[in-house]
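Novice: The whole structure should be built from the sequences, with the hints applied where relevant.
Each residue of the sequence shown is one higher than the last, beginning at 12 in the working numbering.
The set of hints was computed from the structure by calculation and includes no laboratory data. Glycine residues also receive a C-beta, built at the ideal position from the N, C-alpha and C atoms. One or more of the hints may lead you astray.
[As the list claims (entries may be wrong)] Pairwise CB distance ranges, derived in the manner of DEER restraints: (1) A115 <-> T82: 15 to 23 Å; (2) R80 <-> R100: 34 to 42 Å; (3) A115 <-> D143: 28 to 36 Å; (4) K75 <-> S46: 18 to 26 Å; (5) Q83 <-> N103: 41 to 49 Å; (6) C122 <-> R100: 40 to 48 Å; (7) R80 <-> S35: 36 to 44 Å; (8) G139 <-> Y114: 31 to 39 Å.
[Stated by the list, open to error] Simulated crosslink set (BS3-like; lysine-lysine; CA at most 30 Å straight-line): (9) K64 <-> K137; (10) K146 <-> K135; (11) K135 <-> K64; (12) K141 <-> K64; (13) K137 <-> K76; (14) K137 <-> K75; (15) K146 <-> K64; (16) K42 <-> K75; (17) K76 <-> K138; (18) K146 <-> K76; (19) K135 <-> K76; (20) K42 <-> K76; (21) K138 <-> K42; (22) K64 <-> K76; (23) K135 <-> K36; (24) K138 <-> K36; (25) K64 <-> K138; (26) K141 <-> K42; (27) K75 <-> K146; (28) K75 <-> K138; (29) K146 <-> K36; (30) K36 <-> K141; (31) K137 <-> K42; (32) K75 <-> K135; (33) K42 <-> K64; (34) K141 <-> K75; (35) K75 <-> K64; (36) K76 <-> K141; (37) K36 <-> K76; (38) K135 <-> K42; (39) K137 <-> K36; (40) K42 <-> K146.
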Amino acid sequence: MTKQFIALLFMLFMLACGKETFQSKPSLTIKSISSTLIPPGSDLLINMRLTDKEGDFVDTIWVKKTTTRCTQSNFVDSFLYRIPAETPRTRNFDGEVLVTFTYAIELQPRCNRNDTATFSFWMKDKKGNKSDTAKTQSIIIRR
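Specialist: The structure is reproduced here in structure tokens:
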């Protein structure tokens, strides 16, 4: 029975390894968030993984900020983060993207109270393939 169990574990491991295939559309996934509680004056850092089978992703990452208490703080923007032009566009691209939001510019609630926000990210490639949307968990932003 031990041999069967080891063989089963080995097959599961091989299947899991085989799932690391790249898609034609770019893929963004959130790896880490610096904090889910942002006090005044603090930045928010979001580390994401970017993969693309052809490596033909464009330089623009779209960002949408959605708040629960202060809708004046919401935005959709494509100018906040650009992937540097010198980033190699190779087949089976697998890299990290670090997006930083500054408190005084993108985070500070536009109302006179604390707020809760989520950030959504997506991008396209040169063929027009759009990635799935990567979304953060709720982040509390103090006023």
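Novice: Please flag the earlier hints that this structure goes against, numbers listed from lowest up.
Specialist: Structure breaks no hint.
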